[in-house]
Amino acid sequence: MNAFLAVYLRELLILKRRFKRQLASMTVSPLLYLLTFGYALGRHLEMGGHSYLEFLVPGLIAMNSMTQGFSIAQDINVARFYFFVFEEIQAAPASRLSYVLGEICAGLTRVVLSALVVMGLGWLFGVRPHYGPFFWLAVLLNGFTFSALAVALALLVRSHADQSLLTNFVITPMAFLGGTFFPVENLPDWARTLLDVLPLTHAARAIRADALGYAPEWLPFAVLTASSAACLMLAVWTVEKAKD
Amino acid sequence: MIQLENLVKRYGQNKALDGLSLSVAAGESFAFLGPNGAGKTTVIRILNGMTAMTSGRALIGGHDLAKEPLAVKKLCGLAAQNLNLDGELSVRENLEIHGLLFGMNGTDRQERSQELLKYVDMSERADSLVKTLSGGLKRRLMIARALLHRPRLLFLDEPTVGLDPAIRRRLWGLIRKIRQDGVTVFLTTHYIEEAEFLADRVAFIHRGRLVNQGTPPELMAALGAWAVDRFNDAGIETRYFQTREEARNHLSENEFEGTLRRVNLEDAFLAQTGKRVAE
Chain A
1 MNAFLAVYLR ELLILKRRFK RQLASMTVSP LLYLLTFGYA LGRHLEMGGH
51 SYLEFLVPGL IAMNSMTQGF SIAQDINVAR FYFFVFEEIQ AAPASRLSYV
101 LGEICAGLTR VVLSALVVMG LGWLFGVRPH YGPFFWLAVL LNGFTFSALA
151 VALALLVRSH ADQSLLTNFV ITPMAFLGGT FFPVENLPDW ARTLLDVLPL
201 THAARAIRAD ALGYAPEWLP FAVLTASSAA CLMLAVWTVE KAKD
Chain B
1001 MIQLENLVKR YGQNKALDGL SLSVAAGESF AFLGPNGAGK TTVIRILNGM
1051 TAMTSGRALI GGHDLAKEPL AVKKLCGLAA QNLNLDGELS VRENLEIHGL
1101 LFGMNGTDRQ ERSQELLKYV DMSERADSLV KTLSGGLKRR LMIARALLHR
1151 PRLLFLDEPT VGLDPAIRRR LWGLIRKIRQ DGVTVFLTTH YIEEAEFLAD
1201 RVAFIHRGRL VNQGTPPELM AALGAWAVDR FNDAGIETRY FQTREEARNH
1251 LSENEFEGTL RRVNLEDAFL AQTGKRVAE
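Taken in order, these protein sequences are the chains called A and B.
Numbered according to the numbering used here, the first sequence spans residues 1 to 244.
Numbered according to the numbering used here, the second sequence spans residues 1001 to 1279.
Because the hints were derived from the structure by calculation, they are not lab data.
A portion of the hints provided could be inaccurate.
Said to hold, decoys possible - Restricting the straight-line Cα-Cα distance to at most 30 angstroms, the calculated cross-link-like pairs of lysine-lysine (DSSO-like) are:
hint, chain 1, residue 1, chain 2, residue 2
1, B, 1118, B, 1138
2, B, 1118, A, 243
3, B, 1131, B, 1067
4, B, 1074, A, 241
5, B, 1131, B, 1177
6, B, 1177, B, 1118
7, B, 1177, B, 1074
8, B, 1138, B, 1067
9, A, 243, B, 1138
10, B, 1074, B, 1015
11, B, 1138, A, 20
12, B, 1074, A, 243
13, A, 20, B, 1131
14, A, 243, B, 1067
15, A, 241, B, 1177
16, B, 1074, B, 1138
17, B, 1131, A, 16
18, B, 1015, A, 243
19, B, 1177, B, 1138
20, B, 1131, B, 1074
21, A, 16, B, 1177
22, B, 1067, A, 241
23, B, 1118, A, 16
24, B, 1118, B, 1131
Unchecked claim - Covered by chain A, according to a simulated footprint, are these stretches of chain B (three or more residues, beta-carbon under 8 angstroms):
hint, region
25, 1023-1036
26, 1087-1095
Every residue, glycine too, gets a C-beta built ideally from N, C-alpha and C.
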């Protein structure tokens, strides 16, 4: 428990020192998407009885919860390869699980902050969806999945350059294809089947359903729970693999 | 306190450690002396959970590293070669995080942090961000942090590398004080004077193997007490003598330019390996 607190506290102190910068970086992308896709392009579009902005805001929250959760990979990577802070963790009597959970909680803190940022931006654009418990559950499960994946991949990669490649090839395509900007249901069957494998597709579906007032479906939550558990196990395993 | 049996570490075809065995008694100050790449840091990394050994056995404080890694880590403090401090956190925050990692309670963390900052003469820098500290202060903080949880065994991996001579001597004083307080010290160095000044016992490591070990006087005695270095086109040729008189006579009888000096650990290392520590 103490080791978990140590890892989490360290990340919180760093977040506190970088808070303004962090907040600005969480704001830029969703603001640009809202302006370009939501306002300029989709102002007159309708999606199943809702404005495109109402459709887009929950999608952006899903996307941001993924990218912000995954963004801890960059910090773990820098701490590992440039500042060697990970060595301090390795030398401590900390269980692998406590380290991973500490980092995941750091990721989830960013996820919640980023969701609040997008909710605030949506409010400025006149979008007032329903943010109920199922909305938050989906945000947190999605954040958990990608934070845990971030820990695992940050410990598996052998260099900083590899980390950037992973972000380019895994996260960026998912951000655009996982139901953030358009309904996956509009795509051909083969593409839908492919995209249904992605946790983000399910997160966007669950987050959007609650935000737009629809009843929750069990499948997205089951998929997100399973992906969270799988990524957690992978992350715990990689802590040992990070030894050279 | 430390017992290593046939430690092997391979990286592909390369052997970083090639069947290394040694023991260090509780309360001893032990130095690993060897050139860069000899395997010194690999041993420290294995014993502190950063590197996995390929084969062999390591017992620390009676605990088997492979079976009880967390029990071993509780006994050990490490000031690694890399300055692995959090630059964006303050001195106090770095100590706080370390104390939490090692399961210390809040009051103990605070009191011990203050005590150790005083010990390393850094009390006035407690709230400074670590990135603003000089190299010497960072090294001192690394040692304070490694001692925070009251380890019985302190690993110091090249503790004074890159520091100027005055700061190096100041750190030596600190390390001797730690040793006098009853902590077993295991240090690696490629500085001859550092090993001579700090260690009760020295082990020479070369290409992942232990080539010799003993107290500094024991290791040097085999060669003699005095050395004459002769400089020629091939480099430095050194001859050893039991007395200063013999050495002086050698210098005056053979008309060449040379220097007379005391035998040091580097001579002993050179005699064993054919290489200088700094090579």
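For this structure, which hints from the list above don't hold up? Of the numbered hints, 2, 3, 8, 15, 21 and 25 do not hold.
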